[in-house]
Structures are given as structure tokens and as C-alpha cells.
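**Student:** Please work from the sequences and hints to get the whole structure.
Spelled out, the chains give:
2 protein chains.
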Amino acid sequence: MRRLVFALVAVEALAGVGADMAPASAQADGEAAPIFGVKMPPGYRDWRLISVAREEGNLNDLRAILGNDVAIRAYREGQLPYPDGTIIARLAWDYVPSEENNKVFGRRQSWVAGPPKNGVQFMVKDSGKYASTGGWGFAQFNDGKPADEAVHNTCFSCHEPAKARDFVFTRYAP
Amino acid sequence: MRRLVFALVAVEALAGVGADMAPASAQADGEAAPIFGVKMPPGYRDWRLISVAREEGNLNDLRAILGNDVAIRAYREGQLPYPDGTIIARLAWDYVPSEENNKVFGRRQSWVAGPPKNGVQFMVKDSGKYASTGGWGFAQFNDGKPADEAVHNTCFSCHEPAKARDFVFTRYAP
Chain P
13 MRRLVFALVA VEALAGVGAD MAPASAQADG EAAPIFGVKM PPGYRDWRLI
63 SVAREEGNLN DLRAILGNDV AIRAYREGQL PYPDGTIIAR LAWDYVPSEE
113 NNKVFGRRQS WVAGPPKNGV QFMVKDSGKY ASTGGWGFAQ FNDGKPADEA
163 VHNTCFSCHE PAKARDFVFT RYAP
Chain R
13 MRRLVFALVA VEALAGVGAD MAPASAQADG EAAPIFGVKM PPGYRDWRLI
63 SVAREEGNLN DLRAILGNDV AIRAYREGQL PYPDGTIIAR LAWDYVPSEE
113 NNKVFGRRQS WVAGPPKNGV QFMVKDSGKY ASTGGWGFAQ FNDGKPADEA
163 VHNTCFSCHE PAKARDFVFT RYAP
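These protein sequence lines map, in sequence, to chains P and R.
Sequential numbering from 13 applies to the first sequence in this note's numbering.
Sequential numbering from 13 applies to the second sequence in this note's numbering.
If you are wondering where the hints come from, they were derived from the structure by calculation, not from laboratory data.
Hints may be right or wrong, so weigh each one.
[Unchecked claim] Dumping the calculated DSS-like pairs for lysine-lysine here, alpha-carbon to alpha-carbon at most 25 angstroms:
1. R:K175 - P:K115
2. R:K115 - P:K129
3. R:K141 - R:K175
4. R:K157 - R:K141
5. P:K115 - R:K129
6. R:K129 - P:K175
7. P:K141 - P:K175
8. R:K115 - R:K141
Please read all numbers here as calculations on a predicted model, not as lab measurements.
**Tutor:** Right, dumping it as C-alpha cells:
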């Protein structure tokens with residue numbers, strides 16, 4: 013699967029849309045997050061969409077859950093547990109009213125993604141390396157920097173209720 | 013750019029993850045929508061994410077806006093007007109509470125994507141063909157079938173307030 017990703021990048025580069033389309037997040041050599049040692053996966057902003065969500069309360073965001081090729085394939089095939097190599101990314105943005113849309117509709121109607129918020133989170137499947145946490149490594153990055161150890165201590169326990177779906181809450185949105 | 017897309021598909025097929033990963037929506041020979049003659053673009057569910065949104069009122073959905081390669085490149089480079097070949101897709105799902113997440117948090121917390129809702133919409137840029145509507149063709153498909161002509165008569169007028177951004181409301185979510 014890793015070979016596939018490289019092949020795709022190569023084709024894009026040949027067509028002249030490689031370097032200039034790489035988002036700022038596509039850095040392979042960033043700092044590893046504590047406990048699980050996960051680094052920010054390069055190119056995750058280009059991954060395909062799994063689903064979207066809205067969190068209320070203190071989080072107060074709109075979010076998108078993206079998956080690498082292994083993740084998308086597993087989701088579409090209903091494969092459980094997720095195979096090693098699966099990476100799921102959770103992006104989130106401030107939940108802001110669209111004054112522009114509301115004016116068009118003449119009422120409060122639309123909420124859109126504001127600036128990035130609540131960091132970017134990843135779940136990385138490696139059943140050997142992360143055997144004690146259901147086969148998953150967890151990571152959160154705030155402005156590209158790993159969150160602290162206390163944050164990472166909460167990940168697995170929070171995901172345990174989703175054990176029947178291999179600790180993954182998000183369902184695929186067709 | 014069309015050549016690039018074909019190249020990517022070819023590489024995926026060679027790696028053996030072509031046919032089985034193609035979503036049901038990837039049909040090139042569907043029925044064309046009225047007025048603009050737009051067909052459902054094959055493989056749009058695999059496109060990259062532009063942003064997410066939440067619509068209240070009768071729409072009551074969570075949505076994702078995806079773009080083909082031309083669209084994503086234009087967004088990231090801030091290119092206006094969008095070049096011919098740009099296609100923007102709007103997917104939407106029912107706005108449903110996540111009972112599962114709410115139980116974990118012990119309060120009303122999470123809203124997730126339910127079943128598909130409000131059809132799938134597309135904006136297709138062809139400055140010659142669609143000169144009278146700002147260079148954009150519009151289409152909505154409900155369960156894979158084009159919506160009627162009355163629906164398509166409302167598209168451009170609703171997008172006119174966003175003329176300064178080439179009639180596109182959605183901003184890129186980094």
C-alpha cells in the first residue's frame with residue numbers, strides 16, 4: 013500500500029502538480045507525539061473523506077475524518093479489525109456562522125468551518141507495536157506540535173466504548 | 013488535467029485496488045441534469061476535501077464540499093476565477109445525534125452524519141459553455157437521478173451574491 017502512495021505522488025509530480033499542491037502539513041520529519049511515538053503523517057490533508065461531525069460544548073467545532081488508502085479500503089469493505097497500516101485523521105475547525113449565507117437565506121441558516129481548532133488527531137493501526145491499546149497508537153498535534161503526555165493518556169480509555177468496532181467511533185458516510 | 017486523473021486511476025488499478033474501491037457513485041454514463049446537461053462525475057466520492065458545513069432549517073444536514081484536482085489546486089493557489097475543468101461537489105447527510113458519543117461524554121455532545129440527504133450537487137466550470145451563468149453549470153442528483161428543471165433554475169441566482177469569489181461560497185478549510 014505504501015508503494016501505491018508513492019506511485020500516485022510520482023504521477024502527480026510528472027504532471028507538474030506535485031510540489032505546489034502539497035499542503036503545509038505534509039512534513040515527514042516532524043516531532044513524534046508522546047507515549048505512542050506517532051509522527052504527523054505526510055500528506056494527510058489529501059486523504060479521502062470518511063465522514064463529518066459536529067461537536068458541541070467546549071470543543072464547539074466542525075470536523076472531518078479522513079483516512080489513508082488502507083483505511084478507506086477497510087471502511088468500504090467493512091473490514092474489522094482494521095488492518096495494520098490504517099491511519100485515520102481527525103481535523104477540526106471553529107464552528108462559525110456564515111453571515112454571507114445567512115443573508116442569502118434571510119435567516120440563521122449556515123455554519124461553516126472557521127480557523128483550525130482542537131488540533132489534528134490520528135489513530136495508527138499497528139497490532140504488534142500497540143498491542144496494549146487495542147492495536148492503535150494515538151496522537152494529537154496542536155499547530156503541528158505534539159500535545160503533551162497527559163492528553164495522550166486519555167485517548168484509548170475514551171475509545172474503549174467503541175471496542176465492537178475496533179475502537180473507532182466514526183462510521184463511513186456514503 | 014483530465015489526463016492526470018486517468019493516470020491516477022491506472023496506477024490504482026495496477027496495484028489491485030481499483031475496482032473494489034470504486035464507490036457506487038462512480039458511474040460515467042448516468043443521466044444528465046436539466047438545463048446545464050451535467051452528468052454525475054465519476055469517482056467524485058474520492059475527491060479531496062475543501063471544507064465542511066452545517067445547514068439548519070429545512071435542510072438540517074451536515075455536509076462536505078469536495079473538489080476535483082483542478083478545484084483543489086485553484087483553492088490552494090487562490091486562483092480566481094476558477095479555471096475551466098473545475099468541479100466542486102457538495103455531499104450532505106442527515107444531522108443526527110451520536111447516542112454512542114453522548115454516552116461517553118455524559119451529555120449532549122456529538123452530531124454525526126446519518127443517511128445521505130438533500131442530494132448531491134455539483135458546480136462545473138466551463139466559461140464558454142456556461143457563459144450566461146458566470147461560467148458555471150449546476151446539477152443536483154437525488155439518489156443518483158437528476159433533480160427537475162425547477163430545482164436547477166434556482167442554482168445560479170442563489171450563488172450570485174458570491175460573485176466576488178467567482179460564485180463559490182465555500183472557502184478552503186486548511
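**Student:** Against each hint, give a clear statement of whether it holds in the structure.
**Tutor:** To see whether the hints hold, each was checked on the structure:
For the given pair, K175 of chain R sits about 14 angstroms from K115 of chain P by alpha-carbon distance, which is consistent with the 25 angstroms threshold. Under the criterion of a C-alpha separation no larger than 25 angstroms, the hint pairing K115 of chain R with K129 of chain P is consistent with the structure, at around 23 angstroms. Simply put, K141 of chain R and K175 of chain R have alpha-carbon atoms about 18 angstroms apart, close enough for the 25 angstroms limit, and the pair holds. Distance check on the hinted pair: K157 of chain R and K141 of chain R sit about 22 angstroms apart at the alpha-carbon level, within 25 angstroms; holds.
Using a Cα cut-off of 25 angstroms, the hinted pair K115 of chain P and K129 of chain R holds, with the two alpha carbons roughly 23 angstroms apart. Taking the CA atoms of K129 of chain R and K175 of chain P, the gap is about 29 angstroms. The hint is violated against a cut of 25 angstroms. The straight-line distance between the Cα atoms of K141 of chain P and K175 of chain P is roughly 18 angstroms, inside the 25 angstroms bound, and the hint therefore holds. Taking the CA atoms of K115 of chain R and K141 of chain R, the gap is about 52 angstroms. The hint is violated against a cut of 25 angstroms.
Hints 6 and 8 from the list above are not met by this structure, while the remaining hints are.
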